[in-house]
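**Q** Residues per chain are reported as follows:
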Amino acid sequence: MNDLNVGAYLVKRALLTVVVVIGTITITFFLSHVVPSNPVILLAGQNPTPEQIARLTHEYGLDEPLYVQFLIYLRQVFSGNLGISFSFSLQPVLPLVLQTLPNSMTLGALATLLAIVVGIPLGVESARRTGRKFDSLMRIFSVSSVALPQFWLGLILQLIFAVYLGILPNASYGGSLLFFDMHPVKTVTGSYLIDSLLTGNFVTFVAIAKSMVLPVLTLALYPIGLMIKQTRSSVMAALSQDYIRTARAYGIKEREVNYRFALKNALPPIIVTAALTFAYSSTLGVIYVEEVFNLAPGLGFLLRSSTGTGISSTGISGALDYQLILGLAIVVGIFYAIANLVADALQIYFDRRIAR
Amino acid sequence: MEPLLEIKDLRLVFSTERGILDLFQGLSLSLMSREVLGIVGESGSGKSTLAYTIIKLLPGNARILSGKVLLEGRDILSMKEEELRRIRGKEITMVFQDPSTSLNPVFRIKDQMLTVVKENLGLQGEVARKRALELLKQVELPDPESIMNSFPFELSGGMQQRVMIAMALAANPKLIVADEPTSSVDATIQTQILSLLKKLKAERDFSLILITHSIAVAKEVSDRIAVMYAGEIVELGKVETVIEKHLHPYTEALLKSIPRPRGKSEMKRMLPVVPGQVPDLISPPSGCRFHPRCPYAMDICKAERPPYFNKDGSLVMCWLYSEER
Ligand SMILES: Nc1ncnc2c1ncn2[C@@H]1O[C@H](COP(=O)(O)OP(=O)(O)OP(=O)(O)O)[C@@H](O)[C@H]1O
Ligand SMILES: [Mg+2]
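Chains V and L are the protein sequences, given in the same order.
Here the first sequence is numbered in the numbering used here, starting from 1 and rising by one per residue.
Here the second sequence is numbered in the numbering used here, starting from 1001 and rising by one per residue.
Hints were generated in silico from the structure; no laboratory data involved.
Calculated lysine-lysine pairs in the DSBU-like style (CA-CA distance at most 35 Å, straight line):
hint : chain 1 : residue 1 : chain 2 : residue 2
1    : L       : 1090      : V       : 253
2    : L       : 1302      : L       : 1245
3    : V       : 253       : L       : 1068
4    : L       : 1080      : V       : 264
5    : V       : 264       : L       : 1174
6    : V       : 133       : V       : 253
7    : V       : 253       : L       : 1198
8    : L       : 1130      : V       : 264
9    : L       : 1110      : V       : 12
10   : V       : 253       : L       : 1080
11   : L       : 1118      : V       : 264
12   : L       : 1311      : L       : 1201
13   : L       : 1256      : L       : 1311
14   : L       : 1110      : V       : 253
15   : L       : 1137      : V       : 264
16   : L       : 1130      : L       : 1110
17   : L       : 1056      : L       : 1008
18   : V       : 133       : L       : 1090
19   : V       : 253       : L       : 1056
20   : V       : 264       : L       : 1090
Assemble the whole structure, with the sequences as input and the hints as a guide.
**A** Structure follows, in structure tokens:
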């Protein structure tokens, strides 16, 4: 296999990624301006006069034509500045997002890991037992996991494990809002779980880990169902191929036939599912989970605030915080794009024919 | 001498959406040690299904109603999966028609060869690797090292088929079943692969079942030829007898369909063109399954399935050879 081919292919995909991100910015920018809303009311204090609003509007360039605002914004983005948040007392958006990202990513990564570790074997077993009881059971499970509302599942889990059984904390990182006052964690990566581990704070680590069990389960249920479904169908397709018959004709053990010869061929769509699961679970997926389990800081919390549906620091809701929305959209977009790129690279690693 | 392989009164059907497809209605065949048996017949005659029955690797909708497949007296059809696994790849191996889909596309040749060598010879590490290289040399592949590191799609069809043959040889099997090993490669490669099989056969003592469309190909390597039609072996005999003193009208039609080779090396791959259609086995013709296409068909052919008649040392399933006639 020619490594040059692989390199060229990946560069092509990376360029495509940049195009996708710019597309995301453009669409989000114009979409977020479809709803008339002036974010300066988030700044103007109580009962602002029309003059005050006009002055602030001018000051932030919000009275310029939309395409001018767009070009200014684009230039700003490419110099690494995502603007300022009107709902978070004019803090710059980028650091705001980057601060919240690690915790949400940790949730997303754990949910994805769970989906892979649980979903793939169940999917493979389902594929080799098509039409039998186990397979029907898995199908019921994956359909219902996709249909089950996340916040409802979260509440039920809280009720069972925290309220009735009392074996896991109900909400908040570490189990209480005051946890970090008593157990400060030095910031390294920004993820509480990882930082407590890195700084050797095992008691704290265990407490944080315990508080993340229910959120991760809640977050992972849907991806697990999805992963079972995807693995089942692509392993089934692989199992009907000639090379599987060859493997069987050569006396290869059934386990190896399924988990090595069939699974590797079935991987491409599974990898894409895993990558999208990770992107989704780290960003949009955490919106409800972080709310139900009161996990902050996190991306979900920011997303809610930016659309005026959460509580912002100003206490005023209902106005769109454009720059924060855009910043989040860009970060989420980049996240998805990177996940896709990684998926592409992994697919090539597993099947060289793709880059031909 | 006891035969190596004995198929006794095999009855097999497929359940399909359109109904029951009645393929084998009591098929018997035996194979001696070191013998090469060519199985010839048109598409749909049941050659591949017969091959898969021998290692009991049938599609899910196949049902064996009765019969035995005895390998040195042990009935393969009544074996459990684990027992079968110990026969497959060790005592009986297969070479498939289309090497480009029969080799796993996402594993390097070495991963596939080594898996087979390790599983079936119990070798490990460097020893296994050496053995795999040796096998690739035996099938006359140039530069085995680089072949080992290739993916199947990087090899030509002929090379892929040689790799398959190397895998088939790995465990020194008693029987190799080759299902149209040359029908997906061009004429020159076909000749090369056939002579490779002949050479290997001379060096080692396996039995070979060579399945092919072409009676010309079967003639090249076989000791005996079985002619199959619509799930029946209609004629079985020594190569010379079948070619020169063919008995069954279907064999005659097959022989007529051989393209005349122009050069000596040119053995054109061509589907036999026998006039008429292969019957639909969901509602097979009554009596002899060949009667609708047979120029010599008589009344009894429509009414009754012919038994085997012995003639010139061959077996033939045709009323033309009935004594009472
Ligand atoms: N899984 C299956 N389900 C239903 N019918 C089948 C199945 N496999 C084979 N058949 C039918 O059984 C008959 C014999 O098929 P088989 O593949 O054994 O023939 P063949 O002689 O190998 O043909 P070819 O030369 O095309 O490979 C055909 O009529 C075919 O349609
Ligand atoms: Mg066939």
